[in-house]
Structures are given as structure tokens and as C-alpha cells.
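Visitor: Okay, here's what each chain looks like letter by letter:
4 protein chains.
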Amino acid sequence: MCTSITLASKEGNVFFGRTMDFAAGMFGEDPGSPMSIVTIPAGAQVASQLNPWTAKYAAMGVGSTGTVCLMDGVNDQGLAGDLQVLMECEHASASDLQQRNLTAVLGEEFVTFVLTHFASVAEIKAHINEYGLLDQPLTQGNESVETPLHFTFADTTNSAVVLEPTDNGAFKVYDSIGVMTNSPEYNWHLTNIRNYISLDKFDPKTTKKVSERVSLDPIEAGTGYGMFGLPGDYTSPSRFVRSTFLANNLDPFTADNGINQLYSVFRTAMVPRGLERASQDDPLSDCTRYWSGYDLNKKEMYVQTCRGLTFSAKKLNPQSQEVTYTDIEIDNLVKWVD
Amino acid sequence: MCTSITLASKEGNVFFGRTMDFAAGMFGEDPGSPMSIVTIPAGAQVASQLNPWTAKYAAMGVGSTGTVCLMDGVNDQGLAGDLQVLMECEHASASDLQQRNLTAVLGEEFVTFVLTHFASVAEIKAHINEYGLLDQPLTQGNESVETPLHFTFADTTNSAVVLEPTDNGAFKVYDSIGVMTNSPEYNWHLTNIRNYISLDKFDPKTTKKVSERVSLDPIEAGTGYGMFGLPGDYTSPSRFVRSTFLANNLDPFTADNGINQLYSVFRTAMVPRGLERASQDDPLSDCTRYWSGYDLNKKEMYVQTCRGLTFSAKKLNPQSQEVTYTDIEIDNLVKWVD
Amino acid sequence: MCTSITLASKEGNVFFGRTMDFAAGMFGEDPGSPMSIVTIPAGAQVASQLNPWTAKYAAMGVGSTGTVCLMDGVNDQGLAGDLQVLMECEHASASDLQQRNLTAVLGEEFVTFVLTHFASVAEIKAHINEYGLLDQPLTQGNESVETPLHFTFADTTNSAVVLEPTDNGAFKVYDSIGVMTNSPEYNWHLTNIRNYISLDKFDPKTTKKVSERVSLDPIEAGTGYGMFGLPGDYTSPSRFVRSTFLANNLDPFTADNGINQLYSVFRTAMVPRGLERASQDDPLSDCTRYWSGYDLNKKEMYVQTCRGLTFSAKKLNPQSQEVTYTDIEIDNLVKWVD
Amino acid sequence: MCTSITLASKEGNVFFGRTMDFAAGMFGEDPGSPMSIVTIPAGAQVASQLNPWTAKYAAMGVGSTGTVCLMDGVNDQGLAGDLQVLMECEHASASDLQQRNLTAVLGEEFVTFVLTHFASVAEIKAHINEYGLLDQPLTQGNESVETPLHFTFADTTNSAVVLEPTDNGAFKVYDSIGVMTNSPEYNWHLTNIRNYISLDKFDPKTTKKVSERVSLDPIEAGTGYGMFGLPGDYTSPSRFVRSTFLANNLDPFTADNGINQLYSVFRTAMVPRGLERASQDDPLSDCTRYWSGYDLNKKEMYVQTCRGLTFSAKKLNPQSQEVTYTDIEIDNLVKWVD
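Residue numbers (full-length UniProt numbering), protein chains in the order written: chain A, 1 to 338; chain B, 1 to 338; chain C, 1 to 338; chain D, 1 to 338.
These are computed hints drawn from the structure, not numbers from a lab. Some clues are possibly wrong.
Identical copies look the same in the list; a pair holds intra-copy or inter-copy alike.
When the alpha-carbon atoms are kept at most 20 angstroms apart in a straight line, the in silico SDA-like pairs for lysine to any residue are as follows [what the hints assert, rightly or not]: (1) K56 <-> V46; (2) K335 <-> G308; (3) K205 <-> T147; (4) K201 <-> V214; (5) K205 <-> D282; (6) K201 <-> D217; (7) K172 <-> N187; (8) K205 <-> A24; (9) K205 <-> I193; (10) K201 <-> P283; (11) K208 <-> P252; (12) K205 <-> L284; (13) K201 <-> Q280; (14) K172 <-> W188; (15) K172 <-> T191; (16) K172 <-> E185; (17) K209 <-> N158; (18) K10 <-> K298; (19) K335 <-> R307.
Just need the whole structure built from these sequences, with the hints factored in.
Guide: Written out as C-alpha cells, the structure reads:
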């Protein structure tokens, strides 16, 4: 499914990224909705399938071409975030939300909604209890889909929040530890990582005397033993644990190295194609369709697709006047050296 | 330490790559010997610290700037390979090798030696029993170092071999399964992967009834469970297992997607900076300093360093006349899209 | 800490057992309160430190010698259960409980309270919302201790319940899957076992072809691979997972084999002495101090201590007139055969 | 399959035990050859299917009723040992053994052969290179079976050896670390346990600060985390690792507690019935059929079968005149306390 990670540099610059894992194509590699970089200028009318609104802040991110549904994005205030699948997500009916004085929103539009409405995590926290997820599928072409979702947002203060619509459509709010994956609910993961308390970035390098009879020497000069016990599969809890331990044991880095360091942590979460299949006959595999990384201070984004090595990059243009769709490169951009 | 992987496309084109994990810098990020792309033309005199030789085949690869010691490389016949640390490596004295009718070679020069002497894995196998590792340190500046090493080579027939100098300097030869990491010896790893026989690329997707009392539903829609039990740490055996299962469960791919698919498997083996430290006070961390990938059919190579997202690329130039050193880019080459 | 397991035979007879893991002695092996088999007849006055009550049902079980605090036990209706440490346990003040119309009970006396008040799990469920844990330490000698606890009970219908005082002293009620260990809360464990959905009692016995390049043969004739990935440590989540998978993959058994089969599952949960230490200087180790097993239909109990192989056994005597304390044997009772 | 473990008490008394895991019955629970305690007096003629011999030392142990094939046993010199399945075992032809000046022995009779010929591990080591396994099946009733086997022996000096007939029927000899299970070969296991170098008997008990963002508290008061990463399944390598870490992290114990401590370590290796099946239709499960434990100094043995809690015990009787078969109790011997 998906993983998102937030990192801060020595200077306090904040970097946010996510993988998009899915069993449908996004760049022509399999049937599915094509993705672009979607830019929504401040003041633009956002064509919601529920109640259109005017963007207070400009935002850009990866979204379905032709729609305003961002999968992830950043706004001109340096707030960034994404949506991911959460099986425990709940929706409520319009009347139910109304009775509870909750403004109805669509999950698929919620990243866009937040980025075009709020400037910071603090603002989100101050207002999130006014909203609830409506039980209304999103229409795309001939299809109507309602995806169970949760959300995370981070800002330039390195504050980060996880929002889970598990209270009958209303949101449970968690302080983020900088990582979000998929089910189960966030508090389960927060407990789960405590099981790994004995893992460490320091490696046993010398002979360990276990008893009179048994002494153990590290194999291969003692590298990597500190993380022994880290799970290597791609289920949601395992990606959560790996991402948390990698992100939080990185060496300090400077801002100019931020996107590179962010990507270095994500490698462990990126799912190769073919590894997760439903059955022999299923042509589709759940794999990482793209990675996107955001520099929150510079309002820049970087995207690498499953189709090539190229990193497409874009800086948010505050002068833009209308919603635009920019193609993401899928080939192998490399630097030929001679 | 290091990981190497060989993949073949649907058409049978072969791709070979390696990570270089080390506790010293290679691109200015930490003290250490700088690396370049080294090109050795056919007919060139190779300045060995033992017995200089004339290159029969042209070769290029990553090597210490100013030396002819390739860490990994490809030759004009489409043979590629690398060297990696193996603690169980043995060296023999000159007299000992002479008595056994073995030609002395230096481990650090052995990748270069093989790529400039042989055209295929079959040729290597036919001649490897004529050679033995000499117990003579390599001199670099003021330092003399003898590194315990083993080697792997692959060719365009998708044949691959592992060479381990564990027989008192002579080589034990193993058919490669397309993956090599570090200690212990190769046959240990070949047994170890059999422990993981129950892992699969197919995921349980539906409720599993364990007993009258216990039924289990997959969390998060059932992705990734087939690989449950895969180790996630970066020790040599764990990297071997992960790389083997990822490389061998990939969807079939076409040659034009080869470098991208090769890289997609390597992500699991690339060690972020900071994760493997000797102690709190040690400024160095054992991490992936670079990744290199080779297209054996096209005689092209791609290198990504730990310092940036850029992939430097080079095609072997058969017209080259002398040994050359080409800089590897360390910045973040991206495609700005607007 | 502790593990409890409930099993049913083919005929539907029910067996309940628990390990008592603790860092203090219970049978003279280390400093600590000595344990006996405590029998409380129906009609006896139970000397609570809060409000003494009259036992409606006779009960027996393991308890601190001289007290009426059962750690585990069975009553004359075939209801059995135990208490275990749960760090998330909450207590409430007397006034708070009164305001909520909850009858105050002491956690340490709660197993005794339930066994002498209720005949079945259904009865417990019907009344548990009338009670809450009082924030009042238990006095034993010169010490006052308040232990964070949770509880499980099973009856002869093979119904089982877990009671966790995590709602400000009031109880959250969970249908038991037949296993309880320690923290975190029960619903966390119920989610956690779903991570292990790919584990199976059936073993891969033949060569597995992973790819053209890799085929794996089972080592040692293919036994045990179905459970590959099962955690082997003694933390609470790992004991929960192991106990659940072992208990629910047992072959069907007849009632006369019940105690033996119950014990066979418990072996995986019993902690040897020395394995869990706070530090080099700490003379105490958290280990299994005793195992007790109950035949709910026969109202019999069996106890094995950490000090010897002997299983002490006792049948509940309904004719008993007063609270009695019976010594548990600590030696090695064996059958000498000649 | 099987596990054997050797422990020494504070005083230096030595205890040896083994589990017998098998997919056939041994005590009437499934079809199979019934087992007894077999006693062979010094001076007795041992009815080998190859070359009968005279016992130099008296021995007793568990064996097939009516045969002299011991699965495990102890002799009057305090030497004890067992046989277990090893898939890599090799047999040689009579002529081949003869050419190599090796005395032919049958694997199934080899424990008996060693116990009735040798007084110590040192003696075994001094003579083991004189023997080789003959490629001749053992005849039992209408059946002829040749089982691939390896062997371990321990003596009262706490010396222990592993003998593996992997050199074309001749034995490779390993110093034992006190544990033996099944395939692969012993040196593979000796390397494998080094992967677990970071495991420890000391538990993290306090909050661990991983980074500014992430601090981890132990769940359930910090018990068991030191062994996090220990594998929990019943494959041969996993049983080897668990047994090694448990046996070598035990608290020191006195000799009178030896059999009890030996058994406490074995619990982790004992396989419940039903957990390892070939298929749904296979009525047999590979499970622990019996456990036997030996006090080498007292020449006493203890056996617990899969059919009941009883420990049968026997002391080697040096006055015995002929080969005898003693029944092993299968019921639930307990101490009724009142």
C-alpha cells in the first residue's frame, strides 16, 4: 500500500515524502488512472464533487489527471501531506454528520481540501473536529469508488499529525512520529514499535562470551547486527517499523542533502513489481507506482515513477492562474559522463 | 558491506549491479580514497603492483582514481563482475603458490585481471584453477592494505559464478544464483535460503480459519503477507535472503526496463547513512557509498552515489587509447517539469 | 510475566491453565510470598481487605498462603480463571466508583470474588458492568502493593472472557480466543495475531521452484517450515502469538488426554530461570514460578513448580467446611521402573 | 525431528537429554515400533545385524523393544549420547570401507556400539577415525530401513562431541557446544548462531530515546526483550538457536536441580502434536514422542512420553546379567495432595 515519512535537517528544514503502492497502473504500465502533477493556485475554484470551494492557499502535488484529487502535495505555506488506505476508515451519512454539526468532506478530496484551507498542523488540529467523512463515492468516468483512507500532514515547524476517520466519520487525531503506513489504526503501530526497543544502530563488533561453552564472533566484521530482528516484508506494520527505525537512526544531515536523505530512507519501503500478487492468474501486482518527496521550506517536489530512474521536479509557482496538469517523466534520465 | 545481483530480461539481456557499502568516504563525504569510472582500453598496459599485463579486452567500471583496481566493471565481451569483502578469504605465500603451480594474483586487482583476460564465465571456470591469491598487501599512498575478498562474474548468457579464495589462496568455485553478499562462505548462504522455503509472492487475501475458535483476517487488504518472515536488517545473510527473494519474484520485464528493474531490487539492500555504527564516538558509519548497474549487452554502466540522486552513465568506448578516469556526478540531477 | 490458555477436548470437556512468571520466589527458591493451594468452601466468609463476603460457590486454586487471594482457580460450577499483570490497568477512587454506581473490588481479590460469586462466563458478562477496581493497595505484612491486573475466565461450555479494568477502573470485556498474556491491551493482541496469517501447520515437503534460477529444497525433510516466522522470545506479544498458534493447531484429543495436551502447549510459554534479568547484579530473574492446569469438568487442578518435576494434584472437595491451605510439592516425583 | 542438550551444574555434574521427534508412534499413540528402556550389561553379547560384539561397558537407554538399537543412552562410565536424523549422512559400501581400512558399523546400532565400547569423549575422539557407516539397511520385521543419522556424546568431564558421517561414511568430528539438532551439518549451525550475537539475557527496562522524535517504553515492564529476534518455529536451525541461547543463559544451578533445569530448557524444543503435518489427509504429525534426560554422574535416566505427564526413572544396574526391556509409563503420575 503506502508509506510516508517526515525528516528534518540539522537546520530544521523539513522534508516529507510518500510511496504510492497500488495494484493498478498510474503511468501507463498497467490499466488505471494516469497521474500528473496538479497545481491549484490560490484563489482558484476547486471543483469538488460535493461543495466546490475557493482555494485560500496554492497547492501542488500528485493527482489524477483532470481532477483536483491530490494523493499528496504541498501548499505555499509549507504544509505537506498525503492520503493512504486505512481499512478501519468509517464514513457517515449526510444527515448523521449534520446532526453532529460536522461539515461533510470527501476522503478522496481531503488532502486538497486541507492544503487549500490550512497553513499549518496547528491550524489543522484547531479545526479538524469540525469535519466528517461523507458516505458518498467519488465518481470517475463510469466508476464510483469510495476508498477507506487516513491522512497525515507535516509543516515547516516539523510538527506532524495523523488524522484517522475512525470515529463514525469524525477524525481521531494523533501526533505523528514522522511515519505513517496503512492498517491497523495508528495507536496500534505506536504500541507495536515498542516491541523493537532492543534494536540499535550500534553493532556488536567483538567476541561475545555467552557462557563458558559458547562465545560468538560477529560474521562479516560486525555490521548490521544492531538491527537484527527488524522485519523485512512489505506488510503495513513491517514497513512502519522499518521506516521508523531507519528514519530515526540517520546521521544528521544538512538541508541541501535533504531530498537525498529522505529518498535513502524510503528505499526500504519501496515494493518491487511482482512481489505481492493475489494469484498466479492475476496480471496485477501491488507495487510502488511512484515516490514523491517534498521540500517544505522550498515548496519543491520530486517524483520518481516505477517506470524509470528519472526524478521529475517542480517548484510551486505562486503566480499560476489556473489549475494545471504537468506530466511526470517516466524514462531513465541519467547524466552521461565522458 | 556489499550486495551484487544479476537479472535477465524476457529477451535474455543480462543486467548486473552491486552496492558498495563501506565505512570510509568515496566521494568526499568522509575521509577515504576517491572513486571514478576507470576505463582500460584493449591493448593497454595494466600497471599491476605485482606483474603488469596487457589487457586483452577493454573494460570499465568503478575504481580508485589513479589506480587500475576496479571494484566492479564490465568488459567489451559483456562480462561483468565485482569484488566484495569475505572474512574467510585466504592468501598464500609466493613460494607456496609456486609449489602448487598457481599464478599469483592480487585480490584488489582481480576484477581488473579477470575482465581484461576473459570473455565469459565459461572461460573463467576453465582457467580459475590456475590462479591463487598472493599474500601481499596493496600499497596506496603511505598505506598498505590487504583486504579479504571474494568475487562474482556474470556474462550475456546469464551464466554467473562466485569465486572464493578459501582454499589456501586457491579458489572455490560456485554456480551463482544471481546474488552475492559477504561472509560467511557461499555454500552457507545457499543452505540458508532454504530456511525460507515457505515464503511466497502470493498473498493470503481472505479469512483464514485456524480452528473453531480462531479465524484471521488479513490486515490492510492482504498485501505482503506472502513474504512474512523475511529478515529486514542489513547483515550479510539477511541482505542475501532479501535480495534473492526479491530478484527471483520479480515480474518478467523487457530489456529497456532492465536497469530500472535492477535498481528496484537493489533498494532493499542499500544501507542508509547512520544505521551501522561502531560506537557513539565513531564519526563513520558503514553505509552504501554507491550503487552501480551494468547493462551487459550494451556495455553501459550507471552509478548513483550516496551524495545525490543523479545516475551517472557511461558506455564503454572501444576506441579509447589509454586508461582514463571519469568523474562520477554527486549532485541531484532531476528533470524540472513545468 | 504470565500466559493462560483454554482448550477443549473432542467431547467438549474444557481445560484451563496458566503460567505464573514473576521476579520473586513462591516456593522458597527466592525471597517472596509462599504459595499454597487455597480451598474456599461454599458458605465460607471471605476475609476481604475491603468488604468481606460469603462464598456462594466453593473454589480452589493457587494463592498466597494465609490469604484468600487466588492467582488462579476453579469453582464447583466449573468456572476457572486467573489474574495477570496488565500495565494499562486503571484504578478509581471510592467516590468516583460510587458516583458511577460501581461496586468497588480489589484487583488482587478479584479472581476469588468472581469464582465465589458466579457460575459461568455468561453470568460474569451479565454483571461485570456493576463493578470497578478500587485504588486501594493490598496490605501483606508490612507491605502495601497495588498491582496492575487483568483477568480471564472460562467455563465448561468453552466460553471464555477477558476482563480489563482499562476504563477508569471499570471493565472492558473481550471474548477470549483462548489465550491471554500481558500488556498491551487485549484488542492489540487480537490485531497482532492477524500479522501471522500466513503461518500454517502444513509443511512444504518438496522442492519449491522460485524462478528459473532458484529452486529450494526443504532442509531436514521438511518439518516445521509452516510455522516459519513465529517469534521465539518471551515478551508478552510473542508468547501470545506462539500460544495461539500452538493451541489452535493441536490435533483433536480426548478428555483423558486433556491435562497432558494442555501442558504440551504451555511448554512454549514457560520461561527458564536466568533468561530475563534486569542486570548483572540483580539476583532475581523473571521466570515461570509455577504452571497450573485445571480440568473444569472434573474440578481438578494440577500444579508444577519451578523447583521440580512433580505435578501436585487436587480435586475440589465440596464437603470442606473452612478455608484450607494445602502444600504444593516441589521435588521430583518420578515413577521408578525396574 | 530431534534436539539434544548438555548442561553442567555448579559442581560440574553433567546432564544430557534429548527429544525424540518423529512421525510414527512409539508408545501406542500411532502405528510404529514400541520403545522400552533397554539395559545391556557389561559382558553381554550384543546381537548386531552386522557383527555381534561383547559389551565392554554396561549401558541403558531408550530403544526399540526387542532390539539392541539405542536411540539414546548412558553407560556405566558416565558417557551418554544419542542419534538423530541428518539428511547429509553418507554410507559407504563394504569394499569401499575395507579399502580405507575402516571398520563397518550400522548407524542405527552406533549409539549402542559407542556406549558399550568407550568410556569417554576423549576415547571416542581417539578412535572414531577407525570407523565408517556401512550402506546396509536395518531389518525390522518385514521392513528394511536405512536412516540418515548423526550422533553426539557427552561425558562427566563436560566434554561433548558431534559425529557426522558426511565424509563418504567416515566421520567428521566437531567439538559440541552442548546442543545438537538436525540438518544441515554442524558447522553450518555453528556459523548460524553467530547471527544472533546481539541477543541477551538482560532486558531493556527503561525508556529508550531513539531520536528527538521517538522514545520507546518497554511494554509490560520490560521482560524478554533481550531475546527479541529469537526464532519460534520448530525447524532444525530454529530449535538449535533457541536451545543454545536458553541453555547458555540459565542461572547456575546445583546438581540436585539438574534434571529439572535440563527439562526447563527442553520445553522450548518439544513439539506439540498436530503442529507439523504433511497434509490434511495425513493422520500422522511429526511431534515429540518422548523426552529423555540423563544424570551422567548418577547413571540415572528419566523419560516423559507424549502420552502423559509421568516421568519414568531408572538407575543403571551394574549387577544385571542380561539384556532387559523395561516398560516406560505413559499415564499421568501426579502427587495427590490433600
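Visitor: Failing hints, ascending?
Guide: none
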